[in-house]
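**Student:** Heads up: the protein sequence lines correspond to chains A and B, in order.
With numbering that gives the first Met the number 0, the residue at position 3 of the first sequence is 2, and numbering never jumps.
With numbering that gives the first Met the number 0, the residue at position 300 of the second sequence is 299, and numbering never jumps.
Errors might be hidden in some of the hints.
Copies of one chain are not kept apart here, so a pair can be met inside one copy or by any two copies together.
Stated by the list, open to error - Calculated pairs, BS3-like style, for lysine-lysine (alpha carbon to alpha carbon, straight line, at most 27 Å): (1) Lys202 to Lys152; (2) Lys72 to Lys103; (3) Lys29 to Lys8; (4) Lys103 to Lys332; (5) Lys322 to Lys167.
Hints in this document: simulated from the structure, not taken from any laboratory.
There are 2 protein chains.
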Amino acid sequence: MIKRYDSDKIKQLVFNIYQAYGFSETQSHKVAEMLIYTDLHGIESHGVQRLVMYDHFIQNGKIRVHSQPEIVKETDVSAVVDAKFGLGQLNGIYSMNLAIEKAKQHGIGIVTTRDSGHYGIAGYYADMAAQQGLIGMSSCNSRPAMLPTHATKAFVGTNPIAFAMPAKPHTFIFDAATTTVPQGKIEVYNKLEKDLPALWVAKNGNEPVYDHTQTEDFKALRDPDATVGLAPLGGVSENTGSHKGFGLGIIVEVFTSILSMGNISTEITPEDLSVGPCQSFTAIDPAIFGDKEQIINRFSRYLQDIRELPAIPGKTIYVHGDKEAAAYADRKKNGIEIDDRTLEEIESIASRLNIDYTNYVA
Amino acid sequence: MIKRYDSDKIKQLVFNIYQAYGFSETQSHKVAEMLIYTDLHGIESHGVQRLVMYDHFIQNGKIRVHSQPEIVKETDVSAVVDAKFGLGQLNGIYSMNLAIEKAKQHGIGIVTTRDSGHYGIAGYYADMAAQQGLIGMSSCNSRPAMLPTHATKAFVGTNPIAFAMPAKPHTFIFDAATTTVPQGKIEVYNKLEKDLPALWVAKNGNEPVYDHTQTEDFKALRDPDATVGLAPLGGVSENTGSHKGFGLGIIVEVFTSILSMGNISTEITPEDLSVGPCQSFTAIDPAIFGDKEQIINRFSRYLQDIRELPAIPGKTIYVHGDKEAAAYADRKKNGIEIDDRTLEEIESIASRLNIDYTNYVA
Chain A
0 MIKRYDSDKI KQLVFNIYQA YGFSETQSHK VAEMLIYTDL HGIESHGVQR
50 LVMYDHFIQN GKIRVHSQPE IVKETDVSAV VDAKFGLGQL NGIYSMNLAI
100 EKAKQHGIGI VTTRDSGHYG IAGYYADMAA QQGLIGMSSC NSRPAMLPTH
150 ATKAFVGTNP IAFAMPAKPH TFIFDAATTT VPQGKIEVYN KLEKDLPALW
200 VAKNGNEPVY DHTQTEDFKA LRDPDATVGL APLGGVSENT GSHKGFGLGI
250 IVEVFTSILS MGNISTEITP EDLSVGPCQS FTAIDPAIFG DKEQIINRFS
300 RYLQDIRELP AIPGKTIYVH GDKEAAAYAD RKKNGIEIDD RTLEEIESIA
350 SRLNIDYTNY VA
Chain B
0 MIKRYDSDKI KQLVFNIYQA YGFSETQSHK VAEMLIYTDL HGIESHGVQR
50 LVMYDHFIQN GKIRVHSQPE IVKETDVSAV VDAKFGLGQL NGIYSMNLAI
100 EKAKQHGIGI VTTRDSGHYG IAGYYADMAA QQGLIGMSSC NSRPAMLPTH
150 ATKAFVGTNP IAFAMPAKPH TFIFDAATTT VPQGKIEVYN KLEKDLPALW
200 VAKNGNEPVY DHTQTEDFKA LRDPDATVGL APLGGVSENT GSHKGFGLGI
250 IVEVFTSILS MGNISTEITP EDLSVGPCQS FTAIDPAIFG DKEQIINRFS
300 RYLQDIRELP AIPGKTIYVH GDKEAAAYAD RKKNGIEIDD RTLEEIESIA
350 SRLNIDYTNY VA
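All chains should be built: construct the whole structure from the sequences, respecting the hints.
**Tutor:** So this is what it looks like as structure tokens:
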């Protein structure tokens with residue numbers, strides 16, 4: 000069952016948990032802020048639901064609590080960061096702040112970060128730049144998940160692309176896996192025992208897996224040797240544009256692992272403590288191209304014109320960020336959504352760390 | 000009927016035509032080089048087949064022969080170019096060279112160009128950077144073609160994204176419309192009286208148009224008020240990722256018309272001589288991130304690993320640029336492919352300009 004909880008209270012609980020792990024006050028605040036931002040924007044798959052995964056990695060040493068990211072190469076407009084397996088969120092915030100500083104000084108900043116950890120939603124980092132009036136972009140690689148067009152084995156990660164730009168009445172935020180759907184969406188359908196509504200998973204390269212009872216096939220998504228994988232955006236046939244999603248996945252790999260000389264998708268496994276995903280962070284100041292206010296107004300008008308187009312009866316035309324803004328307004332007022340299992344996991348972590356959680360989940 | 004013609008001879012003929020229009024020797028050489036590059040790489044829809052369209056625009060003044068692009072705003076890493084309705088290819092080459100110079104000096108260059116003209120394949124400009132050891136990107140906007148998810152009227156252009164990066168044995172080149180297919184592909188199927196093999200065109204927002212006999216629907220693709228449009232990459236349903244292709248189309252609009260304060264898609268019509276499409280050009284020097292040779296070698300190994308994955312029986316796994324490299328080898332040796340109608344059009348243009356074309360098409 001899913002219940003609503005006050006976001007400020009849960010944020011305080013997450014803060015306490017991270018302090019108990021040994022993170023500083025500032026670090027714990029950043030992590031709590033990032034995770035609650037995610038839940039407030041309605042992306043429950045990547046918010047506090049992930050605490051248990053991070054807890055596991057903190058305990059087994061895949062996430063190293065006392066690591067500090069280090070700049071290993073830098074120019075006015077770029078940097079390579081060695082994250083030394085610190086917490087993904089902290090590496091992400093550090094790296095995006097670096098990109099933002101460069102953009103403020105020199106117009107553009109591109110940072111690529113290696114040996115990082117799972118950093119949650121890419122859109123958060125893109126939005127960090129937008130909140131300062133800049134264009135923001137972020138991507139990450141992951142273990143093999145996507146089937147290259149015509150391949151029977153996964154190779155490319157789900158490799159999302161996030162892009163944010165200031166707009167009125169709210170920021171335009173695009174955040175999308177280059178697979179048709181991310182792995183988490185499959186898991187949600189499996190948990191609910193629902194059949195998949197489209198070609199999200201394929202076996203032997205092009206045989207759709209829809210039926211939720213095909214549990215062996217869904218399990219095989221986690222097996223790097225299996226002939227099951229996620230369809231790229233555009234499906235598994237060139238006729239539907241499969242090669243486009245596949246190519247976008249490769250481009251993400253360039254900006255993450257290739258330019259940072261970090262681990263490529265096939266080198267990343269949850270088990271191996273000596274490898275970590277790579278991430279990229281870009282900030283661009285629109286002011287280098289023209290009057291920032293005019294540009295933002297023009298963009299806002301463009302988006303509003305799209306919202307006002309004639310629509311399929313009963314359907315709404317959403318611009319990217321609209322659903323998240325509505326979720327934020329709702330959850331800020333009525334609380335964030337946490338399912339019972341996730342709550343139990345959080346309570347169990349808090350107990351182990353001798354944190355009294357009762358007040359926060361009341 | 001399609002016949003093969005020597006690429007050097009056709010290039011000379013194109014050069015002569017552009018000189019006759021009044022373009023300089025250098026300009027005419029650049030245009031001929033660009034168009035023949037396109038045919039040599041097997042992208043016949045955008046090569047000399049387009050001469051007749053450009054000829055029409057040169058005659059009616061939409062393309063202004065004596066215009067020179069002008070930089071209206073500039074920083075070390077960026078520029079806005081006012082192309083003043085000059086020939087799209089010349090604007091593109093000028094703008095990408097500017098981005099390349101900035102990348103060589105400062106690591107990154109982003110140029111956005113307004114009041115331009117149709118510039119052919121975006122991949123050419125991205126490849127210009129790759130040929131100099133850089134990462135290249137280019138995009139353009141166009142008149143409304145794409146249906147935003149749930150909309151019944153086209154709004155966003157086909158807005159392609161091109162990305163090129165040096166690799167062995169040949170450059171990685173991604174060049175893809177953010178619609179499932181570009182307009183030209185529909186026209187090819189219509190000409191051949193073939194039904195469309197997938198959801199490329201939709202009526203009333205989500206009704207597929209497959210049948211080649213639905214000529215009124217296909218004609219309506221050119222009518223801005225019609226309820227027919229091209230599906231985004233990812234189709235017309237959120238279940239298949241429609242919102243992702245739609246969002247990528249918006250991002251292209253940002254880098255082209257929004258940042259340059261040029262014409263957005265809905266302002267662009269072929270008839271109006273006072274509006275033109277916008278384009279963006281990015282060059283990034285991989286050396287700002289690390290050892291260029293190591294990066295390229297690592298990327299090449301990554302691509303080769305993809306090619307060597309197990310494939311669906313009878314299918315080949317192509318990496319982006321493989322098909323084009325094979326077409327180039329073939330056409331360089333055996334000639335470029337020109338259909339009879341295109342040849343007649345070229346001959347007719349040459350005749351009008353008093354150019355003796357007989358030697359070039361023998």
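**Student:** Tell me, please, which holds for Lys29 and Lys8 at an alpha-carbon limit of 27 Å: within, between, both or neither?
**Tutor:** Answer is within: at 15 Å inside a copy they meet the 27 Å cutoff, but 64 Å across does not.
**Student:** Evaluate Lys72 and Lys103 at a C-alpha cut-off of 27 Å and name the case that applies: within, between, both or neither.
**Tutor:** This pair counts as both: shortest intra-copy Cα distance 19 Å, inter-copy 17 Å.
**Student:** For the identical chains here, do Lys322 and Lys167 meet the 27 Å Cα criterion within one copy, between copies, both, or neither?
**Tutor:** within (14 Å within a copy, 43 Å between copies)
**Student:** Under a CA distance limit of 27 Å, which applies to Lys202 and Lys152: within one copy, between copies, both, or neither?
**Tutor:** Within one copy only: 9 Å inside a chain, 36 Å across chains, cut-off 27 Å.
**Student:** Checking an output row: Lys103 and Lys332, CA cutoff 27 Å. Within, between, both or neither?
**Tutor:** Neither: 34 Å inside a chain and 51 Å across chains, both beyond 27 Å.
The structure fails hint 4 only (numbered hints given earlier).
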